[in-house]
Structures are given as C-alpha cells and as structure tokens.
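Fit chain Z to the supplied structure of chain V, relying on the hints for placement.
There are 2 protein chains.
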Amino acid sequence: MKYLFSLILLFLFNLGNAQSVQSPSGKIDLNFKLAANGQPFYSVNYKNKAVVLESALGIKLKDKPALDANFEILTSKTSSFNESWKPVLGEQASIKNHYNELTVSLNNKETKVKMNIIFRVFDEGVAFRYDFPKQAELNYFIISDEVTQFNLTENNKVFWLPGDFDSNEYEYNETNFSEIDNTKINMNNGIGVKSIPGKFMVQTPLMMKAPSGLYLNIFEAAVVNYPVMHLNADVTNYKLKAELVPNAIGDKAYLQTPSVSPWRTVMISDDARDIVASKMILNLNEPSKLEDTSWIKPMKYVGIWWEMHVGKSTWDYAGSQNATNFADAPKASGKHGATTENTKRYIDFAAKNGFDGVLVEGWNVGWEDWNGNWKEEVFDFTTPYPDFDIAVLSAYAKEKNVKMIMHHETSGSVSNYERHLDRAFDLMKKYEYPAVKSGYVGKIIPRGEFHDGQSMVNHFNFVVKRAADYKIMINSHESSRPTGFGRTYPNYIAAEAARGNEFNAWSVGNPPAHETILPFTRQLGGPMDYTPGIFEIKMSYYDKNKTEQVHTTLAKQLALYVTMYSPLQMAADLLENYEKYPDAFQFIKDVEMDWDESKYLEAEPGDYVTVARKTKGKETWFLGAITDENARTSEIKVDFLTKGKKYKAIIYEDAKDADWKNNPIAYKIRTMTVTSKSKVKLNLAPGGGTAISFEPIK
Amino acid sequence: MKYLFSLILLFLFNLGNAQSVQSPSGKIDLNFKLAANGQPFYSVNYKNKAVVLESALGIKLKDKPALDANFEILTSKTSSFNESWKPVLGEQASIKNHYNELTVSLNNKETKVKMNIIFRVFDEGVAFRYDFPKQAELNYFIISDEVTQFNLTENNKVFWLPGDFDSNEYEYNETNFSEIDNTKINMNNGIGVKSIPGKFMVQTPLMMKAPSGLYLNIFEAAVVNYPVMHLNADVTNYKLKAELVPNAIGDKAYLQTPSVSPWRTVMISDDARDIVASKMILNLNEPSKLEDTSWIKPMKYVGIWWEMHVGKSTWDYAGSQNATNFADAPKASGKHGATTENTKRYIDFAAKNGFDGVLVEGWNVGWEDWNGNWKEEVFDFTTPYPDFDIAVLSAYAKEKNVKMIMHHETSGSVSNYERHLDRAFDLMKKYEYPAVKSGYVGKIIPRGEFHDGQSMVNHFNFVVKRAADYKIMINSHESSRPTGFGRTYPNYIAAEAARGNEFNAWSVGNPPAHETILPFTRQLGGPMDYTPGIFEIKMSYYDKNKTEQVHTTLAKQLALYVTMYSPLQMAADLLENYEKYPDAFQFIKDVEMDWDESKYLEAEPGDYVTVARKTKGKETWFLGAITDENARTSEIKVDFLTKGKKYKAIIYEDAKDADWKNNPIAYKIRTMTVTSKSKVKLNLAPGGGTAISFEPIK
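Listed in order, the protein sequences are those of chains V and Z.
Anchor point for the first sequence: position 359 equals 359 in the UniProt record's numbering, and the numbering is continuous, going up by one each time.
Anchor point for the second sequence: position 274 equals 274 in the UniProt record's numbering, and the numbering is continuous, going up by one each time.
Bound conformation, chain V alone (with noise of 0.2 Å):
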C-alpha cells in the first residue's frame, strides 16, 4: 500500500470561540462555534452559501450532567491528510483520502470532563464525531441522548425511510421535507416487523436536493459500539436530529473512555455524481485490520433461493410452514428446495457457466417453524435436512471447483445465533464453505432488543470478526445498514439491508426508481447483495393468479450488476430461465465484480445512473445505466476506454417496445467496434436500463 502523506499540525492557544476548516478545494467552509452557554454548534457553507445551519452538538448521559453546555476550548488543532489507499476489493484500485481536519478540545467547566469534537472536511461533505478521552473525569458513562443537529436552509426534496428501528427494507418515499410523514405510506409492503417511533423519523442515509439543483446527505460512518443515527424531523423548520436507537432499557449506548462516537456525515455537490461516487464514509472508516486477505475474492453466484420466493419449492423439509417444531417429525412434502439432486444441478450449472459459488437456503432445520413468533431456540445451524448431504455435496463442488456458500438464517433469535456461531462457522471449515449468507428476518432475541440498536450493531461486527478467525467472509441480510466497516474487516464483503429484489417476488415490490437512489443512499455504506439478473419478471409465469413482477425489464437487470456495486453478485433467478436466454445471459457470465476504475457518468437520484467500470488488473470495461420508470436516451462519450485502443463493445438493450409493465423482457444486443473516442448511444425504455461490455480487440 502507498500513502500519499502529509500532515500539518497548527497549534493555536488562546482563541476565540469560533473556528473554521475548509475542504481541500477551498468549496467547503465547516464552522464550529461555543454558544455564550457554552454550547457548541457547527454550520456548513458550500460555494459561500448557508447549507447546514448553526446546528447544536452535544450528548447527554444517563444519571451525569450533559456534555451540551457549560464548554470551554481548550485548544483548537487544523491539519489536513492526504493519503491512497487500496481496498482489498473495491469500486477502485486505490481510493484517495484527503480532508482537512480541526479538533476542538472542549472542557466542561462544571464537571472537568473534556470531550472533542472533530471535524474532517472533504471535498464532497464534511464529518465530525464526538470523542471521549481517558480521564479521571470520565470512565464509563451511558448515552441517553445526542443532541446532534443538521438544520437545514430550504424545503429539499427527501428521498427518505422511515425511521424504522428495526428495518430498512422499505420503498423510498420522495416528497419534499415539509411533506415527510410515516403515517401517510403504505405499510402493506411486504415488511414482518416493524418499529417507527414517531410520525417525523427518517434514516439515514438521507438524500436530499435542495430547490436550487444542491445535493444533500446526511449520513454517518464508522458505526462502531454505538447505535444507528435515525433522524427526527422538523417539517416546519426544516430541522433534523439525531435519534440514536435505544436498547431494551431506554439506554442508548455504553461507552467507556478512551471511545468516539460514529462520524456524522453530511454530503454536498452540485454534481449528483459526486456523491455517488464518493468514498468518504469508507475513508473514515478504520484501516483493515486483518493482515492476510488473500482470502478475500469477489463471487458471482447462483442458488437455491428465487425458487421459493416464486412458490416453486418451500425452504422447510415439510412444506408446511406451520409452526410445528421439526421434532415432530415431518415429512418431506416433495416440495423441499434444498435437496442433494437439486443442488447438484445447480453445482452443474456454476461450473459450466464459470460462476463461483452456489448459495443454498433451507438446507439446515428449523424451516417449519422458525417465524414470526419470537422463537429462540430456532436453528442450531449445524444440522441438515434428512434430503440434503452436505458432506456428499461438498466434495462435488469441490470436484467442479466450485464453493459452497452457507447460509445462516437467525429468525432475529441472536443469542442463539451466538451460542452456535463457533459450531457454525467449523462445520463450514469442514467443508469448505468461504462465505456464508446470514439473515435476521424477524423481532430481535434478547427481547427488547432493536435491529439497530448498540447490540445489535456489535453483534453484527461481531460476526464479522468471529467470521475472520476462520477466513469465512460475511454477507448479512436484515441486519443495520454498513457504514464503510468493510475497510476495517474486508471479510464483511457485502450486506443487504436496504429493500432487495426479493420484495418484487412477493409484495408491491420495489418501484422502477429504487435502484436509481440506492446509490445514493444505502451502497454509500458498502456493497449491497440486491440479487439481480431476475429474466422471467412477471410472477404470473409461474401462477396465472399472481400480479407481483419485478419492475424492470430484462436489460435492467443486467445493468444492475454494475450500478449495484458489489464484489458478490448473484444471477437469482431459476436456471432454466437463464438456459432460454443465454445471448442475455453471457452479459452475467462476463461481467467482473472488482474493479480498478469507476466512472459515475450520469447520475440523478430516483432518476438514473449510469456508471462505467474497469475490470481490476485487465482492459475490459463494464457500463450500467438505468432510469426509473420513464424512458430515457442519452449519448455516452466512452473515452474512459485505453487511447488508441479498439473495443468491442456489446451493448445489451431494452427492444424499441419493452416496457417494464407490458413488455418487461424484450431486449436486443447489438454490436460496436469503438474507441475512446467513440460515442453510444443509450435507449432505455420505462423501467429500462442497458448493459455494455468493452473487451478490447487485439
């Protein structure tokens, strides 16, 4: 790894009581001032102009006095840091981490405890967390509240959640900041559990655009010990402060000095691309902390899994999902996804396509009852179904030189997860399992506990970290969302945690807009496992009753594994469904996962992306781009590409009559000879989107 490094430390005594720190480029002011109470406040300046508000900072503690008034400066510090760094998988080769940086020490001069608040200032945002040094004034303490506030200047327009303490599953609402109100949306969408505290809570991240074409988000990084930041709205005042989840208790977090908060985040462009393509929550994120990640490999995959989203087989032994425990010894309906011959024909399937990895659900029992009742004592994670011979399986994938991919479903029983994760991760050692799949579907064990709560959010780091003694990489479904902890345990290669696929399988689905704003949104945090590559779209293929589809076309699907950045990708649907199309299937056996460049091209939230990337250590390239569910064409200049170098380029698109309702999978591929100098010409249709390869001719 090279550091690009410089460090500037500017000492100043005897201050006022206001400081400044600007981005590197000068765009960015970041203000920090005390009150004449003491209290501090920041506000935030873009191009000159008033984004963020004089806005409170502050804690307060349980049976303690609050850190939120009564400070005094003890010494203020300005630095800046420029440094590159390679990710072990990534978006990019090497990502570039330069902000300036003003400490200010504060002393309460009540009570003697000191507390920090540092500040960082990028190009695209600034952040700043609360710290907590050792000292004889503070040793444990419990957070009862943050005061933190970002209080903004204009009516944005939202794309916001809402602030759900136990799920982040739902479809982005975009209304303007005066209009957020979670008891206005549709709360038939397909989500078991449920937990909003109030009418005004959002989450984070939080997209905004301001009435004058500024981008806005607010976000948080490095969520480490501490619970999520949810976000309480002022719709009059356009005032937003932070709600930190409680435990079952009330009490918010735990902390014991020396200890820092999270990062609070927030963004701001003019140029929408600059957010999606920013890895600032990544760059406050701590370095890895594992010295071998040879381990470490992206894997594109197939599994036994879309097929019972579609009906076609149950995940449980029995098929009768009727809450009777497996004791009672059911008997196989014949209906059993996860069966010893159907996962030997998708092992086959993998090693003729090149693909990886095959992820098997309901392989393990528990299936007939495992929930919607609080149950604790669901999987042991340990014990397959009668129907299903993992030691058989796995030395037949291992014969086709392809891996096996565990999955863990803890119903939200998380203690119990715990008591058999050690037992868990040794089986997969035993044979041969590299990454395993966990789900938290379902309300929390310990009881009381919230999804994104403190320990809930140390459980799943835990995981992570329990997983890496054992070179076993993470990808965790319905857990709280990632803020960049994959830099610091590269092993957590990717999550879920936002609404994915499987919503169009079942319920309202997951509107033509929602994978245009996740980029902006929840892949901030990390790679999103969002299950693409669905071909047969309309549920009323496999049962003429049903009207769920995926709202998309054929072709969007496919631009998907490139807008969706992530070095885990599966192609979800069934196999046979990819054996009628395989001219569109070549584009998911070619598409690469880990990556030296990405060009974010075109970008608007809830509109379209479009992003072209360079496969790590090889020529090709890989362009998505998607539109919501309008129609769309643009001109895409490709001289990203090699100069002097020529290209095929395969272009995958929408039919001149697709259409994500009534014509959802017409699609077309053609082919172009094309330089960096070259133009393409992009057609998506509503719901549309097109996927390019560029491999270059020799």
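Hints were generated in silico from the structure; no laboratory data involved.
All C-beta atoms in this analysis are idealised placements derived from N, C-alpha and C, irrespective of residue type, glycine included.
Worth double-checking, as some hints may not be accurate.
To be verified - Derived Cβ-Cβ restraints for the label pairs, each shown as a range:
id, chain 1, residue 1, chain 2, residue 2, range
1, Z, G372, V, T236, 39 to 49 Å
2, V, Y431, Z, M187, 47 to 57 Å
3, Z, T633, V, N139, 54 to 64 Å
4, V, N139, Z, P197, 21 to 31 Å
5, Z, M187, V, K60, 24 to 34 Å
6, V, N82, Z, G372, 37 to 47 Å
7, Z, E341, V, K429, 34 to 44 Å
8, Z, K289, V, D181, 52 to 62 Å
9, V, K60, Z, T183, 29 to 39 Å
10, Z, Y581, V, K60, 58 to 68 Å
11, Z, K312, V, N139, 20 to 30 Å
12, V, D181, Z, T183, 45 to 55 Å
13, V, T236, Z, M187, 46 to 56 Å
14, Z, G372, V, S20, 36 to 46 Å
Unchecked claim - Where chain Z lies over chain V, by a calculated footprint (3+ residues, C-beta under 8 Å):
id, region
15, 246-260
16, 367-378
17, 421-428
Frame of chain V, contents of chain Z only:
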C-alpha cells in the same frame, strides 16, 4: 437402576367440580375445585387440619385471555407412582419417588384453550404444575403473571430472604409472617447488585414453622425455560402470591405448547427432619439425560481463592482493580495470586493430602476492570495472565495426579460468556480440566435482564448442557438457585446460589444460625459449594484493623463438610493454616462426599442440624452436628452403624471454652470405640459444631 413401579389409572368422567388426592401415608389431602366462575383453586390439609386454605390457580397471558377462570373440567384422573432411582452422586444411593397424582384437564369455555393442572402428593408435601398441551387454540404464548396463591392459616415463623431478582446472597431473616418487611433489613451486607421490587417480596425456598409446631416449606422444582418464582406476602392475611421474575420488557415467560410450568411445592411435616431429608424436589425433576456419567465424580479441592478474600493476594495481575483495561499493559504488582509458582504449591499440597483438585481464580486477563460497571467484554476465558503458565501447570498437575479446576467469572456479562463458551471449554479439554466454577457477579448483560429471569434460567441450564458435550462438570456461583436440575444433568455438580462462606471475610458475614437454615432452604434444590474449612477464623489474623470473622468455631467448620451436602467440597483456607492444625485437618482429608445413606438425627431450622452419612460403597460413617449462636449438648444414638461391628469414632469437637466470637479455634479431638448400641455425647459451643468419623475396626 431398579424400578419399583406401580401405576394405577382411574378415568373419571362426568365429574363434579371438586377432586382430591391423598399422600401415600394418608396424612396429606390435596383438594381441587373450580369456583362458580370457573376459576381453579386448591387447598391442602395435613392430618385433617387446613395448612393451605383455598388458593387461586391460574396464568395470565400477554395479549391473550387469561387462563384463570371460565374453565370447565374435561377429565380428571388419579394415579399412583412408586419408583426408586439411583443418583449419580448423592446423599443416598437410592431415592424413593412415591406419590399419588391428580391430573385435572380444564377447558376454557370461551376460548376453548386447554390447560391441565397436575398435582402430586408425597408423604412430605404436595406439588403442582401447569401443563399446556399442544392444541390448535394455543401455540406460542407469553406469560404476564402467574396467579398461584399459597394462602396460609397462621402467623408462622418465617425464615425469609428479600425477594431480590438479582441476588440470593442475603442472610436469613427470622420473623413472624406479619413482620416480613424488606425496608427493615440491613442492606449494608456486602451484596453488590440488588433488585428488590417490593416491600413484601420474599424468595423461595421459604421455610416456615407454624405456632403449632408444624413445619412448612414453599419452593419449586424443575425450573426449566421459566423464570424463578418469588412470593409476594400479604402480611395481614398470611397469603403468598407467586411473582415471576420479568425480563427487560416486563414479560415473564415465552412458551410454546406443549410446555409445562415448574412444580410449585409445599412441604409439610411436624418433624423438621422430614424437610431436610426430603428428596421431593429431585424427584420432581426429569431423570438423567446423560447416558455416560462415568466422568462425573466427587471432588475435594483446595484453591487460590481465600487468599484473595483475606487480602493476601489479588485476582488481578496489576493489583489495581482500577477500571483500566489490560490493554494498557499493567505491571505485575507482586501480589497476584494465580502465579505458576503459587499454583504449583497448591498442586503439591493437593497431591500430598489426597485432594482431587485445585481451583485457581484470577488466572485470566480481565480482572483489572471486571466488576461494577456493566461492562460487556470483560474476559475471553482463554487468555492467561503472563505469570500463569497453563501448559506447564496442567502437565505438572497431571504428573501429580491432581485435576485443575477452571474458573470462569462472567461478571454478569452472559452474552459475552456465551460467545466464548465453546472456546473456553475447548481450552479446558486441551488442558484436561474436568470442572469449572462459574461466577455471575454483577448486573446481567443482556442489559435489563435479571439473574432470576427466564433467559438467565435458560442460560444456567444451557451452560450445564453445553458442558456435558465436553464432559465438564459445572459449579455455578451467583446463579439462580438450583431446583433439582442436577438430577437431569448430573454434571451440574454444585452451585453456590446463596450466601456463602466468603461473605464472612469482608462483610457483616453470616450469623451462626445461617448454616442451620440452608439445609431447609437452598440445599433442597441441589448441592451447595459453601467452601467451608476456615481454620484462621478472624480476619484480624491478617490485618489487625479488621474486625470481620467467620461466625463459627473451627470444629463447626469441620462439621459443615457433613451437614452441607455436596459432592464438591473445598478446603477453603490457606494451605499454611491447615499445616498449623494437622490433627484437625485430618478430618477434612478423611471426609467423603458421596453417600449410601444419610440420617438426619436432629434438625431445627435456625437452631441446629445433626446428620450422619454412610460412605458410598464403604462401611465408614461421618457425622456432622452444628448449632447456632447457642451452645448445645445432645446425646446421639449411633444405631445407624452396622449391628455387631465395632467402630473407631474420632470426635472433633469444640474445646470446653470455645466460642465463635471469643475463642473460635479451640478444639479437641477424642477417640472412642463404639457399636450400634452406643451413645455419643455432643457438646457444641456457641456457634460451634462436632464432626465425627466412624471407621470399622477390623
């Protein structure tokens, strides 16, 4: 195992609304009835006199109609059961389980929910439980309250502990029922975490003596997947109501049909010896679930433990206990107890004196900051301090034919312990530790849970079951008190779960009556690791300024090895103190821990206990006699000895001028030749005791 088995089933249809069942002896009547509103009630008579007046039965559910009224009787059946079974280790080689049973099957006329109430009437008391059969009308349910009452007839004398959800380490209060009042007791008692929810809440086992002289004991058996039952006293009307310990959000128990409550027990006798000798609690538990129990063996042990309690050494390496993390690399203080060198000294002593094991506390990293701050990640249970060479010591112990006893202090951080449990047990197997003493000092994590709640009961039982996978024996301290689960998992060899000897070292301690009450209370549920054998009784021996002392004579410390039944017995004092009194120490070396027979010769709660026990498979007997603060003389017929055999009796007794307060160490040893026709005079000093070994003369 030999079963004396008889089972009579009487099916009675078209019943009235009242049923009754008698004990095999006929002395106890249990009566059941449904009130006009369909509420179930029971009452109990002893020798035709009311002992428990009509008392309500029933269960309240969260979000579902209560199961406490609107019932009709579907069927009622009685049966008899008479079996003998052999405990792996115990007070007697064979235990008789003889009772008459009444099962009343109830149907809720409104909801159609079925619930059975099962009564068992033994010669020494009654037991009943709620049984929730599998049914369409009830699958998952949450218990919000248990209605169960115990309505007594008189203002009994009561030996009570405050109904603390987190601690059973109190002194007993001996008052009239009408005087129960938690606000009036001394809370400066050395207990760190206290959670007493009400003025009149008391714990079970609740020992009572009626003005008429009748002995009563209310307890429970087979607490499995259910919270501990405390009792709320109506001190005016002599009524008690079950109060189940809640979880973090106020729920009591999460159950799924088929399931059962623990047994609620009322022991009744006009002879106090029937209570202490009763095996009713064990009988109400499930038989052993372990096939191979060959690895479950009694252990007499010494350990690095009391020296920390008296201040000679420290648990922590740095000797600081200053709430700093070990990550700060503390320096050795020179006072650390668990050093390789010191441990070798204990191993040598154990080998020389025929002890089975050596316990070492403070061997592992974490003790610098382990207690009082609700810290989650304290110990990892696998990392020794740098001055404790586990590999060297386990080899050394093996060479000397001594077993090492592991120590796992959780500091109440159960989630952390469960995460590390397999690794902790793996380490034990690697180094051949056959047993572990676990500790639960501190507030429980998951935060909001109590030591006595359902999830903690499940934890304690889980650890026992998980340990069985490794053939490891468990001795839990600060756990909820056992209710006979050691029958089902005989590797649950002992527990503290009451105020142990350690409190004498640094608090007001345990009054001399304490050990005369424990056999009537705590010990009914299973063996107690009381850690007797303190020879240097006054703490002023270690530090002139200390006034604490064990409230005992030395001879009483010897007697406790017999009166406090446990297959795990510590010689708790410092080795050098035993070396000073080799003649007295001889009794500890000689005394056995597993028995063919036990004869309770004299017993009065709060006053005295005298018991003789025959060694399992041998002709030797041991007798222990203890008294409270009052001197006591009695003459014991030793007619339990084998007729016609001569025995050498070695009598370890208080010297004439001995006294727990002013002259506690003074003892004398005399030898007699006795036969089954002999009588032995016992002379117990105030706070004193007598220990006798009987060896057949060949």
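Legend entry - Which numbered hints fail: none
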